[in-house]
Structure formats: C-alpha cells, structure tokens
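A.B. asks: Fit chain B to the supplied structure of chain A, relying on the hints for placement.
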Amino acid sequence: MKKIITIFIILPLFLSAGFDMSKVNLVLSSIKSAKAPSSHLKFYNNNRILNLNKELNFTSSKFADIILFPKRKNIKKPLIVDSYKALKRYKNSIGAIYIKKGRTQIVFVKERLEKNGLKLKKIANKYLIKECTLQAICLLLK
Amino acid sequence: MYNKFIFFRNNKIYYYLIGAYILLIVLGAYFYKNMGNYEERLKNLLLSQTISSIDNASNNIINRMLTKYPDFVTQNFNSSKIRRANEYKISDLLSDDISSVYILYINDGKLFYLLDASPKERGELGERFEPVQKKAFVEAKKSRETKIFIQPTINELGFTLVKPIFQNSKIIGFLVLDYKEGSLATLSSLLNVSVENLIYAILVSLFILFILISYMIRTQYIKYTMYVNPLTNTLNRVYLTDNYEKIDFKSYYIALADVDFFKRVNTLYGHKNGDKILISLINRINILFRTEDMLIQYGGEEFLLFIHKKGMEEDGFRNLLENIRVLIESTNFSIKYDRFSITISIGALLQTELEKSLQEVIYKTDRALYKSKHNGRNCVSYFDLSQPERLYREQLKEMIESDKLVCYYQPIKRLDDSSLHHYEALLRIEDGDNLIFPDKILPALEDSYLYSYLTKRVIEYNIKILQKDSFIRISINLSADDLVNDSILSLLSKHSDLSNRIYIEILETKSIDYIRVEESIQRLKLLGFKICIDDFGSGYSNLTHLLNLSIDYLKLDGSIIREILHDRRAYSIVKTFALFSKENNIDIIAEFVENQEIVDVLKGFGIEFGQGWYFEKALPYHQLEHLKS
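Those protein sequence lines, which keep their order, are chains A and B. Our numbering puts the first sequence at residues 1 to 142. Our numbering puts the second sequence at residues 1001 to 1629.
Looking at chain A on its own, in the form it has when it is part of the complex (with noise of 0.2 angstroms):
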C-alpha cells in the first residue's frame, strides 16, 4: 500500500516534471473574462498528471469556462491544446501549452480570446500570438 501511494504521489512531479509549472500556472492565472476581471474563471482538468496550482478554480467539464488539454475536441468551449498542431486545428482552442525539445511553450491565440470574452492580464502578453501568425505566411507580411 505505502509503495502504491509513494507512486501516486511521485508520478505526478515526475511527469509534470517536463513543464516549467511556475509559467503555467502564473499563464492560466493570467486568463481572465473581458466583462468582469474580478470574477475566477472555472478549468476543468483533463491531465490529472499535471501539477496545476490548487488555487486555480476547478470544476467538471460541465461547469467549465475553460477546457483544459481535452481528449475530444468538439467541445463548444474555449480550449487550451497540448500542442501547437491542435492549436492550429482546433479553431475553439484558445491556447496551447506543451513541450517540445525539452523547453515549455505557451501561446495565445489573441482574436481567440476576444471572440471567447476572455484576455490575459499584461504579465502574460508576451504569449499573445495573432491569429494570422498560424499561418506562416503571415509573419512575411508584416
């Protein structure tokens, strides 16, 4: 029993342990409702491995402003992915936040956001990308 809680309680740090959780957290405590900023947005979780931060408002997927790393992407919910491919796809998604060559990524699609009455606080801007960005071609234009 004591090797099976010591897994449950090690596992999750270990996995978690790619993310620099510091970003993440401060980032999805960034997130907050264009009409009223005071009030705490509501996440649902679907990466239980993840260390998210306890003061974080987590509900069921029902009650949910925002859907974290879902499994089905037909939700009619604002999303964050776990990857920037499904950012892309998934116009629903508002954010992806994963890993790749070892270092944590994070962006926010910025017409996204709005169009889910939602924004960043200023500490998280530098992740704002626009949504014409995910196009390559894009980045030639400006």
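Derived from the structure by calculation, the hints contain no laboratory data. Just to be clear, a hint being listed does not mean it is correct.
Unchecked claim - List of simulated lysine-lysine pairs, DSBU-like, C-alpha gap at most 35 angstroms: (1) A/130 with B/1440; (2) A/126 with B/1120; (3) A/130 with B/1081; (4) B/1440 with B/1170; (5) A/115 with B/1110; (6) B/1134 with A/85; (7) A/110 with B/1440; (8) B/1170 with A/88; (9) B/1141 with A/54; (10) B/1110 with A/119; (11) B/1135 with A/23; (12) A/110 with B/1142; (13) A/85 with B/1081; (14) A/122 with B/1110; (15) B/1110 with A/91; (16) B/1134 with A/122; (17) A/119 with B/1134; (18) A/119 with B/1135; (19) B/1180 with A/85; (20) A/23 with B/1141; (21) B/1110 with A/73; (22) A/126 with B/1135.
C.D. replies: This is chain B only, laid out in the frame that chain A set:
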C-alpha cells in the same frame, strides 16, 4: 602603569595577521557568494573553446546557404523545396551528441521556427519558440558571436549552442544546436572535475590559510600569555628575551630594582604572602608610571624599569627613582597582624642612547645595582665609569683571561712549635716582571661580574694545585657575595672530595645577607669545608651573626695584632677575642706576626695559629717550604 597593549605595539605581525584574517573572511564570503557565477562562466568559457570545430562547420553551412539564398528568410518561407534543401544541409550538423538543429527567425522581437532538421519534435514553420535562457540569445545578438551555455533546467538537454545569423549586416535569426544530456560526456566530466578541482583548490587554500593564520594568532597569543606573569600582571623575562632586538631601548631610561632581603619575607611569612607583598609593591610602583613606561619582572624580586624619555629629563628620571625608593621605604606592608617596611635598591643607566644593545644596558644597570647593594642598599646608584677606570678594568679582564693570574702562598703555622698548618692563597696578577696585588685588583672589579669570575679562576687555580699536591692545605678568600653565587658554590661542591684540605676565608664587607650566607656556610660545612672569617675586627663585626655562622676559624686583623705590644686597647681586644673564641670552640689565626715577642703574647692568650713575615712571606707554589722538605 603596565600597558597590556605593549604586546601589540611591539608585534606588528599581529596587526598584519588580523588584517589578513579579515581579508580572508571577506574574500571567502565574496567567493562563496559568486561561486555559482564563476563556475557557470568558467564552464561556458571552456565549452566555447571546445566546440570550435562544430562552430566552424556550422559557419561553412550557413555561409553557403546565405550565399545561395540572398533573401534567406523570404525564400525559405515561400518555398518548401528550398526549406527542405536547407534542412537537409543543416542536418549535417546532427550527431550522436546533438539532438536538435534548427534555425529560428526573429519577428517583432519574438522567435519563430524557420528550419528544423531535428529527428523528432520538429518545429513547424512560423511556430513560436520560447527560449528558456533568453539572455544567451540577447548576448549572442549583441556580441555577434556564438554562445554555448549549459541547460540546467531541461532534463534531456546538456548544452545549447546559439549562433547568430547575419545577412547584409542585419541579424535575421539564430542557428540553434541542442546537445543531449550526457553529450560531450568527457568534456562535461572534465569540466566538472576542473571546476570542482578549482573550487576545492581555492577552498583548501583558504582553509590552509585560515589554519595558518589561526595557528600564528594562537602562537602569538600563547607568547602573550608567556610574556605576562599572571600573578603580578607584569611582563616577564621571556618577553625581554624574545624582544631584545625589538625594544627601542634608546628611547628609555632604564633601571634595575631589587627588593632588599626579600628572601627573609618569603622565609618568615611563606611564598604566598611574599607574592602578596610583591603585588602590593608593584601596584605602588605603577602609581608613578605613565602609560608609555614599562615594568618588566626580570627575576623573582628584580624589576627592570623602562621610563620613556619623552617628556622626561634626566633630573625627572632621578627624581622618579628616588620617589619610588622613598615610596616603598615609607610604605607599611602588613601580613596578618605584622606590619613592616621593606626597601629596594636601584641601579640605573641614564645615557642608554650610547649603548650598543639592551643586554649591555641591563648589564650596566646590574653593575649599578651591585654598587647600591655594596653601599648598604636602599639607595639609587647610577652606572658611571670614568675612562681610566674603564681602561684599567679592561686590562685586568684581559690579563685574567690570558692566564696571568697566579697565587702566592703564605704559611699559617702553629705558634707553639712553628709547624705548618696550611697556606693562605694570595692573589697576584703577573704583568710582565711586575706583580699586581689584590689592593689594585679587587676595588677595580668589585662592582662587576668580573669579581665573581676572578673568584672562580682563583678557585680553579687552587683546585689544580690541590689535585697535584696531596699534602698541601689551602685557604681561599671569598667575599660574602661569592658565597651566595650559585656558580661558585656549585664549583666548590663539584670538588668536595678536596674539601678537607680547603679553608674558605670569608672577607668582611659592609653589607652581608647573613641569612643567605649562613645557608651557604652550612652547605659548605656539610661538604667538609672549613670556614674562617678573615680580617675580623677591621669592619663592623657582629658577634651574634658570628655565632650563628658557626665558623671554624677567626682570623684577627693584622692592624690589631701589629699594635698588640704598644697599645693596651689592642692587647685587651685580642685577649677578649681569644677568650670568646675559646669559649665558643673557634680557633684564632693571628695575622701580621712580625716577631717572637708577638708570638709569645699570642701564645699567652691561648691563640694557636699565626701568619706573617716572622714565619714566611708569600711565595709562589714552586718555592714553598714543604716542597723543599
């Protein structure tokens, strides 16, 4: 007043050590604080040097691409064919150690993938790249040089190389190579070893330095404790011995003070009470001292007084010494219910600046102190030797050292049958054809160490005669000071096998420490030596002490014997002494026996022995009567 900081004043090394110690702590703290930075910088520097080959290879590839595609970024964006071709080119840089190779494009200060030849986790064209160590990219851009840095937070990566790419003098992006964790293992371990070794070497050096400084400070502290007598809280002779060269003695008037007859205090009241008296005495002397003056306990009850010349004229120094003497003399010391006073004798030297060494100064103060003791103690004497005296003394010293010292022997005979009893050894110095007699020798040496040196030479001279001639018995003259001289006593003790043929004649002096003399006499008598008081009646003769000294012979002074036929008082004195001696089992030797009439009178008094020209004048050993017979 005793200044405890005199130790620091005279040991500048102590300041240096404390300075070095503080510096060491500051350096240690600074190094400790920045150790991480140093380690990082050192590692990066060594890494940069090591990856020069891959840097050159990447240069070639980039140069070729940039030459071929003058609008490198746009052409890559627009053509997937060009992109693939370029990705193929940069894939040449991949190796077992390198996990990813890619080129990032800069847009609006942000980084995006342009090319990626990595075997897995390829970045898409235009995908954001968020670096962990932005600083390295900024530095590479700023310095326009390749940077390589360790990836401490990414588990699967060891190092990352960042190479800025310039086209038309404008930075367009970066070539990035990610090295696997454990890649460049040898280099990494070497680096770790080097850095660790460097850190250990510095830490060990600091530790050794710390130990060394601690040891030196401890040594200095131990010295300090050795330098101060904890009982009297004064500097002691060890301090003096260690600092002979360091003490600027020319800046001081120096005096040597000795507590008169202090042994009596110890004998009567015990050493514990003696120490209390000594502490009390030192405290009184300290009252008259300034902070720059120094008191050093030179012996048990001997003190060296260093009075700084700054603000002190010679007269002031004389007054100070006199004040010290009077202060001690007028103080009533008390032990339990007994109250008593003690005195000190002081010998001083004024012109210390003329002396070559502190030893010379102390030697001269000692001679001046000797003069004070000789003059009856409780006084201050100054070393003062006129030039002729000095020269004469030097001449005598040379003659004694060059074996010109001889002894002449005058027989002491039994008055009843004129038979030989023993000889008195009389000092002479042969100066060419001339003989120098004791009256020209002893006064010139009496306040110096040469006096006891002379006595030892005389004893040694006679020991040789006694060892050579088993029939001869000799009396040797010793002063009371000689009797309390340890080296003379040990010389006599060493030859105690001859003691039954040696008579010790003690010369009367103005001042005798009877207690110490009595101890020495008892010691010599136990060894078998015969004791005689010489020239009795010439000075102030103390009969009580005479009895206490338990002597064997009393030699009546010649000035009385010579007058015995003409002067009734001389006649009465000799008669009285003869009676006194007979009653106390002391034999009398009469000096200056010049004719048969004197012999007859002396015999009438019951006096047994005599010496004088009537019997024989003093002769060198080889002419002695007993040798002829």
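A.B. asks: Against this structure, judge whether each hint is valid.
C.D. replies: Hints versus structure:
no.: 1; hint: A/130 with B/1440; verdict: violated (124 angstroms)
no.: 2; hint: A/126 with B/1120; verdict: holds (27 angstroms)
no.: 3; hint: A/130 with B/1081; verdict: holds (27 angstroms)
no.: 4; hint: B/1440 with B/1170; verdict: violated (111 angstroms)
no.: 5; hint: A/115 with B/1110; verdict: holds (24 angstroms)
no.: 6; hint: B/1134 with A/85; verdict: holds (24 angstroms)
no.: 7; hint: A/110 with B/1440; verdict: violated (124 angstroms)
no.: 8; hint: B/1170 with A/88; verdict: holds (31 angstroms)
no.: 9; hint: B/1141 with A/54; verdict: violated (40 angstroms)
no.: 10; hint: B/1110 with A/119; verdict: holds (20 angstroms)
no.: 11; hint: B/1135 with A/23; verdict: holds (17 angstroms)
no.: 12; hint: A/110 with B/1142; verdict: holds (31 angstroms)
no.: 13; hint: A/85 with B/1081; verdict: holds (21 angstroms)
no.: 14; hint: A/122 with B/1110; verdict: holds (17 angstroms)
no.: 15; hint: B/1110 with A/91; verdict: holds (23 angstroms)
no.: 16; hint: B/1134 with A/122; verdict: holds (19 angstroms)
no.: 17; hint: A/119 with B/1134; verdict: holds (25 angstroms)
no.: 18; hint: A/119 with B/1135; verdict: holds (28 angstroms)
no.: 19; hint: B/1180 with A/85; verdict: holds (25 angstroms)
no.: 20; hint: A/23 with B/1141; verdict: holds (25 angstroms)
no.: 21; hint: B/1110 with A/73; verdict: holds (29 angstroms)
no.: 22; hint: A/126 with B/1135; verdict: holds (16 angstroms)
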